[in-house]
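Add 1343 to a position in the sequence shown, counting from 1, and you land on the number used in my numbering.
Calculated from the structure, these hints are not laboratory results. Where is the CB? At the ideal position from N, CA and C, for every residue including glycine. Among the clues, some could well be false.
[Claimed, not checked] Distance ranges between label pairs, derived from CB positions:
1. Gly1455 to Leu1715: 54 to 62 angstroms
2. Ser1377 to Asp1718: 46 to 54 angstroms
3. Asp1615 to Ala1706: 24 to 32 angstroms
4. Asp1471 to Glu1397: 54 to 62 angstroms
5. Asp1625 to Glu1448: 50 to 58 angstroms
6. Lys1639 to Pro1724: 23 to 31 angstroms
7. Thr1710 to Ser1492: 20 to 28 angstroms
8. Asn1452 to Ala1706: 23 to 31 angstroms
9. Glu1582 to Thr1518: 25 to 33 angstroms
10. Ser1377 to Asp1495: 14 to 22 angstroms
11. Lys1604 to Asp1495: 18 to 26 angstroms
[Said to hold, decoys possible] Lysine-lysine pairs mimicking BS3-like chemistry, simulated, CA-CA at most 25 angstroms apart:
12. Lys1604 to Lys1639
13. Lys1705 to Lys1604
14. Lys1611 to Lys1586
15. Lys1586 to Lys1639
16. Lys1679 to Lys1639
17. Lys1705 to Lys1639
18. Lys1604 to Lys1586
19. Lys1586 to Lys1679
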Amino acid sequence: MIGASLVALASLSSASISFAVTAEADDLVAYGMSLAEFDDIRMSESEADFDGVEELWDEALLFEYKIAMSYAEDKALTSLGYHPYIICNYTPDKTGSSRAEMIIEAFQNTTGVDVSHFFFEGINELNDNEYSCGVIRAFNDTIPKVYASNPDAAMWMKTNPLHPSMKMIDGTVATIQARMDGDTDLGMIAVDDNNDNWYIRRSALEFSNVLCPGVRSFNGTQIVSGEDISQTAKAFVTEDGGKSVRDASFYYDKVNNGGDKDYTQRMKLWSDAVSVVVNLTDMDGRNPCLDTVIGKTFTFEVSPFIGLGGTGVLEVYSSVSEEESYAIAESSNMTKEDVDQCVWYTLYAIALNPMVCSVEPKARPQTLCPDLTSDLSQCPPPSPPPSQPSSGRVVRVPFMNIAIVSTVITILSCCI
């Protein structure tokens, strides 16, 4: 009975999804945590995105199930059919390992679910007296099948598809908005007496994104290289003029296809960013945000990570200075508003990627030439030291020997 309802839900177009209109759809909602329950587990951007409205939270949950089942034929590494979930065991008086074993047993005992359809790492990563939670990645309709085969699981196990706001740590948006509003401190200026070490040093923003279980060891046997992961992650952000991101976005769907104004301002922020970037595509398919700003100046690379079972971290940052990035954007006729929206789009698209389970902004050291260019091999030579005046007057330190130690967090080095 539940399977038939899920197939029907998956066949609906984004513009015509009818949420929570059947008992089976209500079951999917019942299997999950409420917005308030999730906020107790992890501080994220969810409360701000949904403004405490549980009905919107439930709609997002059903939309994510629909997306997962719409890509059931796609079994590539980046397929939206391999969806990340947070899963919790609320059985009282149990250890974290015992609760994890209960979850694994429920999946392994489910008929029609192959071992390659789910990936566990760190199920008891979040432990409390009342619950143990972790992140998994599951294929197609694996989750509802597990509940159908284990009716008692609904009494102790809660599962939610991870959507972008759940992946972003609390404060992510505020950090970026403050920079866009010019709320920065240029920090200290210090004299560097070493003429061989006269570079400018900054702290640039990096998006540090924890990869989901089953990404580095796809299907449990295929070891995927960091280069392949980074390339496919970047392609997800830039491909098809941003339409792939648009079509997988609940916020865009709700704002543009929902038929009502029942959405939050934060949802509109994300939806507008997607719309602006998609609309930057010209008749020849060129898009300055995707092709130039992201395509040519952003670096995507994977580094090892010990937490969450060693899933790895996807680091995203700009390889050039913010001055260079802004000049590049300006040469492509992008306005400041376009650049701002490109930054919001980039963050949102990364969080929407099914390979990513957590998104956090971090400071990344950046070294520049004194003229604020990033190619250190092409730095202009330092100014020669002035001759000592015979009058004994104080010698001024040449400007080029001043090292700026800045605590500025730049937005992916796009001068915003």
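Problem set entry | Broken hints, by number | Hints 4, 7, 8, 11, 12, 13 not satisfied by this model.
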